[in-house]
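Visitor: Both chains are sitting in their own frames, so use the hints and assemble them into the complex.
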Amino acid sequence: MEKVLVVGGGITGMQAALDLAQLGLSVTLLEREAELGGKLKQLSALFPRGESARDLITAKKQELEDNANIQITTGAEIESVDQKPSGYKITLSGGGASFEAQAAVLATGFDPFDPGPIEEYGYGRLTDVITAFELEAQLQEEKVVRPSTGSPPQNVSFLQCVGSRDRRTNRYCSYFCCTYALKEALAVKKLNPASVVNILYMDIRTPYLYEHLYTEAREKGVRFIRSRVSGITEQDGHLDLDVENTLTGESETLPAELVVLSTGGVSTAGNPLLAEQFKLTLSDQGFFTVAEPPVTSGVEGVFIAGAASGLKDIPQCLAEASAGAIQVSAFMNGRKK
Amino acid sequence: MSITTCYQCGLCTGICPKRLVTRYSPRQDLEKTLLNKEGVDLWSCLTCGLCSQYCPQGVGYLDFMKEVRQNAKPDLDCVAHKSVFNLISRLMVTFPEKSGVPTGFSGESDPKNAVGYFPGCIDFLDSFLEVGTSFHPVGDAAIKLLNATGVKPRIMGLKCCGHDELWQGNSEEFERLKDHNTKALKESGIKTLVTTCAECTRTFAVDYELDIEVLHISQFLERNQDKLKLKGSGTVTYHDPCRLGRHMEVFDAPRNLIAQVDGVNMVELENTREDCQCCGVSAWLGCSTESKALLVNKLEEAEQTGAATLLTTCTKCLAHLNCVLNEKPPLKEFKITVQDLTTFLAEKLT
Numbered sequence: 068m069e070k071v072l073v074v075g076g077g078i079t080g081m082q083a084a085l086d087l088a089q090l091g092l093s094v095t096l097l098e099r100e101a102e103l104g105g106k107l108k109q110l111s112a113l114f115p116r117g118e119s120a121r122d123l124i125t126a127k128k129q130e131l132e133d134n135a136n137i138q139i140t141t142g143a144e145i146e147s148v149d150q151k152p153s154g155y156k157i158t159l160s161g162g163g164a165s166f167e168a169q170a171a172v173l174a175t176g177f178d179p180f181d182p183g184p185i186e187e188y189g190y191g192r193l194t195d196v197i198t199a200f201e202l203e204a205q206l207q208e209e210k211v212v213r214p215s216t217g218s219p220p221q222n223v224s225f226l227q228c229v230g231s232r233d234r235r236t237n238r239y240c241s242y243f244c245c246t247y248a249l250k251e252a253l254a255v256k257k258l259n260p261a262s263v264v265n266i267l268y269m270d271i272r273t274p275y276l277y278e279h280l281y282t283e284a285r286e287k288g289v290r291f292i293r294s295r296v297s298g299i300t301e302q303d304g305h306l307d308l309d310v311e312n313t314l315t316g317e318s319e320t321l322p323a324e325l326v327v328l329s330t331g332g333v334s335t336a337g338n339p340l341l342a343e344q345f346k347l348t349l350s351d352q353g354f355f356t357v358a359e360p361p362v363t364s365g366v367e368g369v370f371i372a373g374a375a376s377g378l379k380d381i382p383q384c385l386a387e388a389s390a391g392a393i394q395v396s397a398f399m400n401g402r403k404k
Numbered sequence: 006m007s008i009t010t011c012y013q014c015g016l017c018t019g020i021c022p023k024r025l026v027t028r029y030s031p032r033q034d035l036e037k038t039l040l041n042k043e044g045v046d047l048w049s050c051l052t053c054g055l056c057s058q059y060c061p062q063g064v065g066y067l068d069f070m071k072e073v074r075q076n077a078k079p080d081l082d083c084v085a086h087k088s089v090f091n092l093i094s095r096l097m098v099t100f101p102e103k104s105g106v107p108t109g110f111s112g113e114s115d116p117k118n119a120v121g122y123f124p125g126c127i128d129f130l131d132s133f134l135e136v137g138t139s140f141h142p143v144g145d146a147a148i149k150l151l152n153a154t155g156v157k158p159r160i161m162g163l164k165c166c167g168h169d170e171l172w173q174g175n176s177e178e179f180e181r182l183k184d185h186n187t188k189a190l191k192e193s194g195i196k197t198l199v200t201t202c203a204e205c206t207r208t209f210a211v212d213y214e215l216d217i218e219v220l221h222i223s224q225f226l227e228r229n230q231d232k233l234k235l236k237g238s239g240t241v242t243y244h245d246p247c248r249l250g251r252h253m254e255v256f257d258a259p260r261n262l263i264a265q266v267d268g269v270n271m272v273e274l275e276n277t278r279e280d281c282q283c284c285g286v287s288a289w290l291g292c293s294t295e296s297k298a299l300l301v302n303k304l305e306e307a308e309q310t311g312a313a314t315l316l317t318t319c320t321k322c323l324a325h326l327n328c329v330l331n332e333k334p335p336l337k338e339f340k341i342t343v344q345d346l347t348t349f350l351a352e353k354l355t
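Listed in order, the protein sequences are those of chains A and B. Using this note's numbering, you'd call the opening residue of the first sequence number 68 and step up by one each time. Using this note's numbering, you'd call the opening residue of the second sequence number 6 and step up by one each time.
Read the hints as simulated data drawn from the structure, not as lab findings. Check each hint, because a few of them may be wrong.
Below are the PhoX-like pairs computed for lysine-lysine, each with C-alpha atoms no more than 25 angstroms apart in a straight line [what the hints assert, rightly or not]:
1. K256(A) - K87(B)
2. K188(B) - K117(B)
3. K157(B) - K196(B)
4. K42(B) - K287(A)
5. K42(B) - K103(B)
6. K236(B) - K196(B)
7. K333(B) - K87(B)
8. K287(A) - K333(B)
9. K156(A) - K108(A)
10. K117(B) - K149(B)
11. K37(B) - K117(B)
12. K256(A) - K37(B)
13. K71(B) - K287(A)
14. K346(A) - K403(A)
15. K108(A) - K346(A)
This structure is a prediction, so every number in the text was calculated from the model and none was measured.
Here chain B stands alone, though its shape is the one from the complex (with noise of 0.2 angstroms):
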């Protein structure tokens, strides 16, 4: 629905994480833009959805967000890390013939093959972030299980996916790596592209216009389940990513490939499924004391199921999530570690 159907009730603003934290008001933001106001607040939103999920409306506010960021363009300095991995993507444009995400990883592949497997921007991670995690084994992991359901992928070698820029508001940026990568998938001739970042799924999934199907690596899985003997132990929670769990309503897919591992219990978070709380931060924007302290709250509940693992399907929760266990000194003792579902599933494949 159009944000001029909203009735200013505030429910928006009365569930909006960043709320928590800030006096972040989706709803003031939107009768400043109705009525065609300033002082619209175009960065605080992590674009979770939450507020869209219970709007009485349907107001979207995502779609919302997505507009009036459109050629906004933050401060780089406003954006974590030095903003190296918007230095990066614009790379991959600028010298198109020299770059591209890396795809070298151990396992069997097959440049003819139908199935693409896109591995984002996981090796980038390793070499700008000291989060105390690695994130190539993702990659490996997700060539390992696509192995063991008897699938042989043609690794992508895209541009970035885009999904920062577009949530930046860098539209220019985002369309020339669309445009690329359009190009590029349309050349490779694959009918099926796999990620395992919900961020680079639904950027595909949503923000192209693409004629073949996107899947997050857990939907392939689960359709090929038959064929992966998992076994392991202990108890494990997981955390639905903004942009799987509300974006996509990718819900089921990860639980049932969990359930699939004989011996590991699972054990849901106390928000989940289309109540799960967002990480803290998105797009890299606004790394701050406030989305610290919402991530520590994610942790906190992870802690409290009595789970050992907090998994997860979006690399960058992993990347933030994990920051907050690093951080040293530490902001508070955590006994819970953070893993990608990926490489979780690939250590119990027998």
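Same shape as in the complex, but just chain A (with noise of 0.2 angstroms):
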């Protein structure tokens, strides 16, 4: 029977594998880590609609699991990869199963961009600053605390663009954070309506959907502050930021008891020797490079979906996912003639 290879199972590849079998192919699911649901395991609530991360796993799980015509392998990594006239054969590591695919749809995803060589926000030396990965995990429990007293913080900063737009570490836009700094800055408002929230940005990006967010954070009280800091330092058990304004000029220091830094995303270690086994070409950025939008890569038979081919949302990541799943089938149809 012919069958269909996906490689990652966070929302683009769950989403893959279940159009997939929607459309009568039978779907290998590969994760390399012991848990499907990948970076919305670290996720509370989601932007735009407010709905729960786990929830979403868990029901996506659940029809994963339900449909025979998909099986799905945790904490699997491929050795190899051999095209043949028959299709690809995958090889798992760790003397794993070899098996052969006819198409494979990549849903590598992204890493979090780790902002501890970034000096000026003393990230891992300075505990109260923590990151919006972080954060979520706190607000997956429904709290908000400083790391080093355990108590709600009065005073929260968030930094924008951690390792986004910045040609010492990533020079392109994120996408999502500036989304999610609201979001999360709406739920340390609702959590303790009295602490002055304060985002720090260069500039706001909330695409189509995202700008309610935007206008509902300033109603609320959040407060914008354009200026990107320059340092962080710790005075009397709380942290000092550099800032200068730059639509008064005046520069000064701005008091936070918690620091969240927005940071962006990188591309997956794994891409590179994926891309090998595939013969696939990345990005400067490390990301798969797509020769025809949305995810055809150009190879045959193999599509790219969700953030393996540049940073997204997840109702982005969703629609890539679908719009693999229709190739794939076309492709083997086409196959079949």
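Guide: If you want it as structure tokens, here you go:
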């Protein structure tokens, strides 16, 4: 029987597998980690609708497990890919099984940017400087606390474009950070209405569906300060942020009890090996290049979906998952003729 | 919309008439306010409302100004004409039994009529301003026109409406005037209050909580225009006062009445209706070289239309514009004259 390989068990891979099965195809879904869910496992409520990421994973997992046409292998990595006239022969590492697939959807997602190397933010050195992903873990438990004291902060500052739009790290915009920062800022305000919440930004980018979150954040009293923080120091149990408000031209020291770094994303470490195995090309940033948008890779039968080809939000990842499934289906029909 | 929704785009500053002649920046003052900074300029804004008209977020700059000016009380030395008009309105509440606006006008009136006419401060303007025009005829003209529609109005000897105290941030003084007037209006039993000044209209309609109808005379006359036979000649243009235009969105009534005058040709200013530029002064604040520059701009814009007369519906615009026309030595030679719509229409009654 003909088979389709899906690499990556995050939201994109899960949706692609479900759609492929829906189209009558047999699917093998590979996930490197022990559990399905990808980055969603670390998230709380999802923008724009506020649904629970955990609930979404649970629902998708159930659908996958209930579908007889989908075989899920977790803890799996690909050791080799051999192209044959009949398809790709995939061998899993660690003496794992091998099987043949006629087409593949690569949905390897992204990794969060590690802000450690940006010295001026003090991540890893200053206890109360955390990443947005770490705040998500707190929000999953419906709390916001300072790691140093375990108590709720009275003053929270979000720093935008951490690892994005910066020639020292990544020149690109990571697409989703503005929107999740607004979502998180609103969540902080809701949990602790008396707290001061600042978003320190260069530009706020909230396309289409997300603009209302920006307005809502302003209405709910989140303060926006146009600046890029030049340094953070610890002083008497709180943090001092050095900023210039570029809208007033004033330099000042802004106090904060908790600093949240709105970190962007980078391509996953596994992409180069996968690119070599499937003879695909990568962009300078390590994402898969797409020959024809949205998902066609340029290599026969291989399609790229979701953040594997560049950072995207979840609705866009879901759309590309479905697009990938349809392209695979069309490709398989073409083979039969 | 609350000012917290401000995106800091700067359109307000770009469009601000005061910015044409000063470094005033509404955008920066919003930012300072949002971040609890000092140095907000309370007195430069003309409260003309042009910025809010175009703000992409719909930030209510007028409400913002009204709020930040509350109890801010400018130094009375900053108020034009030695703040005499503040003194007059304060006397009215200090001696409430003995004072109010004068009510001696020609024409037929009826103290029991459900339609009241409030002349506002016009007689006081005559007493203290020398600007080459007189204001008392606005009241006479109003009653003549109302009579022509078959109405013998009750002449309302209220206190000053309080517009200037309100926008100068003299909140207590405003509230006292408002209390007196609200009580007097209730006791009078009138159902409709007609005024000839756009400032009075805005103040009674928006800043008071009255359960009667408040109309500028142009609105009242427009409703009864079939009863008015008007005839004249020449070309006129019309200046929308901030208070009647953008504040109250009354744009058509004055134009419909001008169109009713047989033989008179109406031409529009280049910036008209919602885009009309403020005359340059409000609430007697900042009568200065800068405001005179704006007044000169307005008169130049009016002359460029080819009209012989610039009409308006606000007694204060009438005062400020005539003041510049009457400046000695002249700031510029103007041929145009500035007239109140009410007196213009009364002259055209046949």
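Visitor: Check the structure against each numbered hint from earlier and tell me which ones fail, lowest number first.
Guide: Hints 1, 5, 6, 8, 9, 11, 15 contradicted; others consistent.
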